[in-house]
Each structure stands twice: as structure tokens, then as C-alpha cells.
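Chain A is fixed; fit chain B onto it per the hints.
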Amino acid sequence: MEVFPGDYLGCSEEFLAGEGVYEEDGKIYAAVAGKVIVKDRKISIKPEKEIPKIEKGDEVIGKVVDVKKKFALVELLKKVNMNRSPPYYDLALLPASEISEKFVEDVSEFLSHEDIIICKVIDENLRISIKGRDYGVIKTKCSCGGELVLEEDKLKCSKCGKTNRKKISSYYGGAFEWR
Amino acid sequence: MQEEVKLIVDGRRLDGRLPDELRPIKIEAGVLKNADGSCYLEMGKNKVMAAVYGPRKVQPKHLADPTQAIVRYRYNMAPFSVEERKRPGPDRRSVEISKVSREALESIIMKELFPRSSIDIFVEVLQADAGSRTACLNAASVALVDAGIPMKGIITSVAVAKVEGVLVLDPMKEEDNYGEADIPFAFFIRNGKIESIALLQMDGRVSKEELLQAVELAKKGAMEIYKLQREAIMKKYKVEEVEE
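Just so you know, the protein sequences line up as chains A and B, in that order.
Residue numbering for the first sequence follows the working numbering, starting at 1 and increasing by one per position.
Residue numbering for the second sequence follows the working numbering, starting at 180 and increasing by one per position.
Any given hint could be a false lead.
To be verified - Using C-beta positions, here's what the derived DEER-type ranges look like:
#	chain 1	residue 1	chain 2	residue 2	range
1	A	Lys70	B	Pro294	25 to 35 angstroms
2	A	Lys162	B	Arg251	36 to 46 angstroms
3	B	Leu379	A	Met82	35 to 45 angstroms
What the hints assert, rightly or not - Subject to a maximum C-alpha distance of 27 angstroms in a straight line, what follows is the list of computed DSS-like cross-link-like pairs (lysine-lysine):
#	chain 1	residue 1	chain 2	residue 2
4	B	Lys372	A	Lys49
5	A	Lys53	B	Lys415
6	B	Lys417	A	Lys42
7	B	Lys236	A	Lys63
8	A	Lys46	B	Lys240
9	B	Lys212	A	Lys63
10	B	Lys290	A	Lys42
11	B	Lys331	A	Lys46
12	A	Lys68	B	Lys240
13	A	Lys49	B	Lys387
14	B	Lys331	A	Lys39
15	B	Lys240	A	Lys63
16	B	Lys406	A	Lys27
17	A	Lys46	B	Lys417
18	B	Lys240	A	Lys78
19	A	Lys49	B	Lys236
20	A	Lys79	B	Lys212
21	B	Lys372	A	Lys27
22	B	Lys372	A	Lys35
23	A	Lys139	B	Lys240
24	B	Lys212	A	Lys46
25	A	Lys78	B	Lys290
26	A	Lys46	B	Lys414
27	B	Lys240	A	Lys79
28	B	Lys415	A	Lys35
29	A	Lys35	B	Lys240
30	A	Lys46	B	Lys352
31	B	Lys331	A	Lys49
No lab work stands behind these hints, which were simulated from the structure alone.
All residues carry an ideal CB built from backbone N, CA and C; glycine is no exception.
Isolated chain A, as found in the complex:
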């Protein structure tokens, strides 16, 4: 059944209010336009246009905003496969243990400030991981400001010639496409 915001769906004795509905004076109304789903006496609406929600298991594109020895803080920008930007989320925590399968002594060897990474959310408290081939840096710049080019498994600066060991995603550079 298609509903429109403000449509009366039932009373609170009949259903439990789920997503996309609201309760007022014991009555349940629709809050968004979409399809009504009733499951286990819980009434919710599957919206026609969803507002992105970042949850456990989601793949997210983020920007590294702070790098410490044992962790990095990442600003979550967008969900992979979703063009719409999400509402405000706190900074996500990337612990050293979630960077690689091997022991990581110092996070700054693998990530630096302003790197764009593709990562996976591993719990409800916005802890993220870049373990695995697909996850890691997809865009970065050398400390001199030059473009870093992928050479085998290392990044080489086209300006100063410095090489850089980073946790690189298989989508590094132009190869990345929205899956």
C-alpha cells in the first residue's frame, strides 16, 4: 500500500511504530511516502527515496582527518553505490589493528592526512577497517604536493621521486568506479 506523509495507519494498540512512521496521541501516522510493511506487528514504511544510513557492514568512502600512532580518525563522506550524501555522522575510528593483517607499529606509515580511503564499517560505534584487497587509499598526494603514481605495489611521486608505502586499495587512482 502506498502512503503519503500524514496518512493514518492505525492505533498504537494495533502496531508498534517502526521506521518511517510516527506516533502521536496513540495514533500512528506515516512520516514519508512509500510502501507499508507490517512484520511481527511492527509497522514501517519502505521509503521511495532513502536517506543514507551508515550501519555495520557498509562500505564507505572517507577522508582521513587525523593520524595518530595507534589509530586514525576518518570523516565519512559517502556510501559506496549511493550518490546522496548522508546526514551528519561523527568521525569514524580506524584502529591500527584494522589496517593490515600484519602488525602495524605506526599508522602514519600507511595513511596520511587528507587521504581518501574506501573502508568498511565493522561495528555500531563507527569503527572501520581497511583490511582486504579492495579497501584502503584510493586518492592521495605526496608531501611535496605532487601526484603519486602506482608502480607495482608502491606509490611513487611524479615530482620529487619519493616512494611511499601505503595501504592501497585495488581501486587506487582512476581505476575506481562506482560498483
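For chain B alone, kept in the frame of chain A given last:
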């Protein structure tokens, strides 16, 4: 000159409408690709375009409210929207309309669901012909529904004017310019019923009885617009289903 203009002849208005008749309305939802929600609306000669962005991160950061989302509404008239070129940019009038319209919409948007975020609504008047604030509010609420933003109901807006002693619904430019009063209303409609008045302004003077009559007249017009707003959203989703 002004005395010669006869606005009501034999109970009919200049464009042949009865006093309680609306102008033809056309609503189309989801017309802009990059906006999260959008709407194009024509109300007689009024042509407006609304776009909704968000909920998204607040820019600049210091405006963010840690308890709820902030709503920003921008009403803007294009320089070519009126007969004589309008100086572009915000002026006293458009800032005021933005404020009152924002307050009307804030009352129905469930802001507490998106702390530290912003919901930005932009409405452009492409062609104005009296009552553009009501057209903008109607377009903005359809765009908000199209964006999937949780709301308690919907805002539907319509104006009533007093012309040559008669109350008329949805005035056009001549009636607005030469009439005695112009009263724009916005109603909060839930479940097909008018719950409350979200906006009420008045330009000119009417008696208490006339104002109460005007409310009734506006309610009748608002219900018709509500049906069209609902249709516009439903039509868009029905078409999408067929394509799938």
C-alpha cells in the same frame, strides 16, 4: 484610471473564474537530477521550481545544532520573473518570505531525527503573478516529500483576497494590485484533514467576520491543492514501478 478597472463582472472574475475557484495547477515532482528532492509547480501564471538538499552536513559548521537539524529556506525571484526587471539577489521582501515560509515548514519537518545536519530548501520564482509565496510553499512541500524527509504531514498554501467587497480565492495580479486585502494562508494537513494554520499574513484590512469567512474559503482551496500534491507524488512513483 484605477476606477475604470472592473475586477468582478456578473459574479465572474477577470479570467472567468468564480470567487471560490482556483487557477489551474500543474505539479511535477522529481524534475532535477542533482537535487535530493525537487518539484516544478505552475499555479496560473506563477511558475516556480523547488529543490531540497539534505539532510547533510552543515556548512558552515558553527551553525550546526547538536540537538536537531537546521532548516534553511531561500525564496528567490528571478530578475525576469516580473514585468519590470527585478534587481537580482535577496531584498527585504524575499528575506521576510523566506523566514515565514521556513517557520511554516519547520513545524512539520521531524528535525530531531537528524542532529547536526541541515535541510536546505531553495525555491526560485521563474514567473510571478501574485501569490508566489503560496506557490513556493506548495512546491517546497512536494519537494520535501520527494526527498524522503520525514514529516508529520504536508503544508498546503493558498491566498484569499478581498476585491470590490467580495472575498476571492487565489487572487491573480490585477486582484492583488487593486484589491482591498490579500491574506496568504498555509495549512498543516494530515490524513486529509486540516490540523492547523502554519502561516497567516495579511496585507490590507478586513473585518473579523470576513477573516473567518476567508479561512473557510482558504480551507476549501487548500484541500483541492492537497489532492494535487498527493497525486503528483503518487504519479511519479507509479511510473517508476512500471519501468522496473
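Hints and how they fare:
1. Lys70(A) to Pro294(B): 25 to 35 angstroms: Roughly 29 angstroms apart at Cβ, these two residues keep to the hinted range, so it holds.
2. Lys162(A) to Arg251(B): 36 to 46 angstroms: holds, 45 angstroms
3. Leu379(B) to Met82(A): 35 to 45 angstroms: holds, 40 angstroms
4. Lys372(B) to Lys49(A): holds, 25 angstroms
5. Lys53(A) to Lys415(B): holds, 24 angstroms
6. Lys417(B) to Lys42(A): Roughly 25 angstroms separates the two Cα atoms, so the pair holds.
7. Lys236(B) to Lys63(A): holds, 14 angstroms
8. Lys46(A) to Lys240(B): violated, 31 angstroms
9. Lys212(B) to Lys63(A): Satisfied, since the Cα-Cα distance of roughly 26 angstroms is no more than 27 angstroms.
10. Lys290(B) to Lys42(A): holds, 23 angstroms
11. Lys331(B) to Lys46(A): With a Cα-Cα distance of about 16 angstroms, the restraint between Lys331(B) and Lys46(A) holds, given a limit of 27 angstroms.
12. Lys68(A) to Lys240(B): holds, 24 angstroms
13. Lys49(A) to Lys387(B): Distance of about 44 angstroms is beyond 27 angstroms: violated.
14. Lys331(B) to Lys39(A): holds, 23 angstroms
15. Lys240(B) to Lys63(A): holds, 17 angstroms
16. Lys406(B) to Lys27(A): holds, 22 angstroms
17. Lys46(A) to Lys417(B): holds, 15 angstroms
18. Lys240(B) to Lys78(A): Roughly 18 angstroms separates the two Cα atoms, so the pair holds.
19. Lys49(A) to Lys236(B): Given that 27 angstroms is the threshold and the Cα spacing comes to 18 angstroms, the pair holds.
20. Lys79(A) to Lys212(B): holds, 18 angstroms
21. Lys372(B) to Lys27(A): holds, 15 angstroms
22. Lys372(B) to Lys35(A): holds, 21 angstroms
23. Lys139(A) to Lys240(B): Since the Cα atoms of Lys139(A) and Lys240(B) sit roughly 25 angstroms apart, the hinted pair holds (cutoff 27 angstroms).
24. Lys212(B) to Lys46(A): holds, 22 angstroms
25. Lys78(A) to Lys290(B): With a Cα-Cα distance of about 21 angstroms, the restraint between Lys78(A) and Lys290(B) holds, given a limit of 27 angstroms.
26. Lys46(A) to Lys414(B): Within the cut-off at roughly 17 angstroms; holds.
27. Lys240(B) to Lys79(A): Given pair Lys240(B), Lys79(A) holds - Cα atoms ~21 angstroms apart, limit 27 angstroms.
28. Lys415(B) to Lys35(A): With Cα atoms ~14 angstroms apart, Lys415(B) and Lys35(A) stay inside 27 angstroms; holds.
29. Lys35(A) to Lys240(B): Roughly 35 angstroms separates the two Cα atoms, so the pair is violated.
30. Lys46(A) to Lys352(B): Violated, at roughly 42 angstroms.
31. Lys331(B) to Lys49(A): holds, 17 angstroms
In terms of the numbered hints stated before, the structure departs from hints 8, 13, 29, 30, listed from lowest to highest.
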